[in-house]
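Sequence lines, in order, name chains A and B.
Residue numbering for the first sequence follows this note's numbering, beginning at 1 and increasing consecutively.
Residue numbering for the second sequence follows this note's numbering, beginning at 1001 and increasing consecutively.
Don't read these hints as lab results, they were simulated from the structure.
You can trust all of the hints, since none of them are fake.
Once the Cα atoms are required to be at most 35 Å apart in a straight line, the calculated DSBU-like pairs of lysine-lysine come out as: (1) LYS1047/B / LYS267/A; (2) LYS86/A / LYS1047/B; (3) LYS1047/B / LYS189/A; (4) LYS218/A / LYS40/A.
Footprint (simulated), chain B over chain A, 3 or more residues, beta carbon under 8 Å: (5) 33–47; (6) 97–108.
Chain B residues, not near chain A, derived (Cβ > 12 Å throughout): (7) THR1035; (8) PRO1082; (9) PRO1111; (10) PRO1116; (11) LEU1183; (12) GLN1350; (13) LYS1372.
Being a predicted model, the structure only gives us computed values, none of them experimental.
Where is the CB? At the ideal position from N, CA and C, for every residue including glycine.
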Amino acid sequence: MAVKDYIRERFFPHIWCPGCGHGIVLNGLIRAVEKLGVQKNEIVMVSGIGCSARIAGYLDFHTMHTLHGRALGFATGIKLSRPELKVIVPMGDGDALAIGGNHFIHAARRNIDMTAIVMNNRIYGMTGGQYSPLSGYGILASTAPYTSVDQSFDIVQLAAAAGATFVARTTAYHIQQMIELLQEAILHKGFSVVEVMSQCPTYFGRRNREGDAVAMLKHMQKITTPIGSKAKAEHPELIERGVFVRKELPEYCEAYDTIIRRAKEGK
Amino acid sequence: MSDNIRFVQGNEACVEGALYAGLEFFAGYPITPSTEIAEQLSSRLPKIGGKFIQMEDEIASMCAIVGASLTGRKVMTATSGPGFSLKQEALGYAIMAEIPCVIVNVQRGGPSTGIPTHVHQGDVNQARWGTHGDHAIIVFTASNHQDVFAMTVEAFNIAETYRTPVVLLFDEVVGHMRERLVLPQPGEIPIVERLRTSVPQGVNYHPYLPREDGRLPMSDFGAFHRYNVTGLFHDMWGFPSDDHEVVHDLLRHLMDKIENRTNQLAKFKEFYTEDAEVLLISYGSTARSARDLVEQRRRRGESFGLLELLTLWPFPNDLVRKKAANAKYVVVAEMNTGQVCQSVRLAVDQPERVFLANRIDGEFISPDDIHKTVRLIRGKGV
Ligand SMILES: Cc1ncc(C[n+]2csc(CCOP(=O)(O)OP(=O)(O)O)c2C)c(N)n1
Ligand code: SF4
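Chain A extracted, bound-state conformation:
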């Protein structure tokens, strides 16, 4: 299928600013699904609220645009109800880890089979550039005019500690890696998390003098390195990309099926 077969043209033009990283994620996601050859009817995409969350409506899957932070709650109901469906949950960093942080760790802990994509632009784009739990110390935002004194989460460590059985990180610059990681995450049986470092040139870039989208993308290239690379040993401040966790644990819906079997047999 061609890329355009996955898009709902009626929904366009999209709402994103020129140069927004979310469009690159949309592109990468379509290519990942296309390579996997999964039927559009088998995919449910559940999103919350934010610029990132709008990705759901643009795609020709079963799509549910829900509440800020709550996408994983809705997705859990869908998945447990119909385990045969593939569930993909794209979220912004605020969506996933501020208001939705509790749902995030619990979905990971349950190891319910779905793919959470955190489109991490380190800012609240939709509401105009307030700091997020991923902004980190010393960042300028519309609600941090003197710089932020909040420390940030490490999404990979948080997801791994919460029990996600597949955890990976990439950036909007590394589109090939993004496609590969998304493919593996979608195929993975269990809760998979892919952090995609993404750029918001409109708010994060402008305020923090990171330049335009191209400059921000180049910056992401510069500050990241493959897991275990030599560069990491020499420059520990580099952020690693790749697969951090890949393990097997009982998947939630399958585990519940054994409960159904036992309940029916009266054991």
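Put chain B with the ligands on the given structure of chain A with help from the hints.
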């Protein structure tokens, strides 16, 4: 005892009603005095291949049932006061996206953590206006286990018929009290199944285009029609829209589909209302004491009557006005500071005849408590 007679708590009657109506998916979070509903469903649902999940909080529980409903399941969640507050945003989503679901609130005393193990009926107006924005909602209640069962079945039927959340507002006394429940035979009470679209594959399906009768046939997520669902104002495709006409028409549709059916939705019971000089209006466990008082006074030849409301919202204005027309005194008995009383005053002619007989201390209101108020009103002293 015959096979279909049980001696159960009201919460259990609700479970039986839900299963009779076809419940397949429940998500919840423990809270007194509703917890028994979750506990029992955790054992009952898997036996019939249904799903039970204890979520991380009430917000997630509400979201989970809405998600599950979209895949074609009949769904329910149950909670009490604080949990009901947490569910409000997602309840509004279900209203906006028109997703059938049933929400049980076994009321306890509030505000805040309040008084968990005692009885209050303070959530009547929250059930009406808990979620933000203009909207309409359907809220049922019941005073005894047979009615808890029947109204639970009705809640599922109405949720499916009108693609809307329905709230079951019970209270601690009804939820925890034990009494007889006769389980109806399968087929004895009609069950409404989800109306699914007949639009064939490959032909455009408009998820939000009402039929002439106002109903919207659904297509399950996972079936061959793919569409968008959103809590934003949306067009017939489910696509977000800020077009003023689209916004106006959708809000009107959401209001009208319920408010235009107020009389149809008005479930009630009446006892000696025809010639009642003192008309009691009550609901939930309070109606048990009200009924007892009416029977007592009738035995003494006094013309007391009772209108017991089973539908609280949309408020049955016409019904209340009609039934109260000839009464000299209208006494609303409830365990709050007058939430239904306020609605009754708005509904009737000569609202100065309407009085409140209440208790708000967590102690169950007795027939005597109500009678004291009636005596005062009639100038008889206590
Ligand atoms: C309950 C609730 N609180 C706040 C908001 C306002 N709001 C909308 S999107 C958003 C943050 C978006 O940031 P993020 O999730 O990081 O996504 P981005 O827009 O950057 O892609 C906020 C605070 C809301 N819609 N709902
Ligand atoms: S505000 Fe930022 S995140 Fe939102 S669309 Fe614009 S660039 Fe993207």
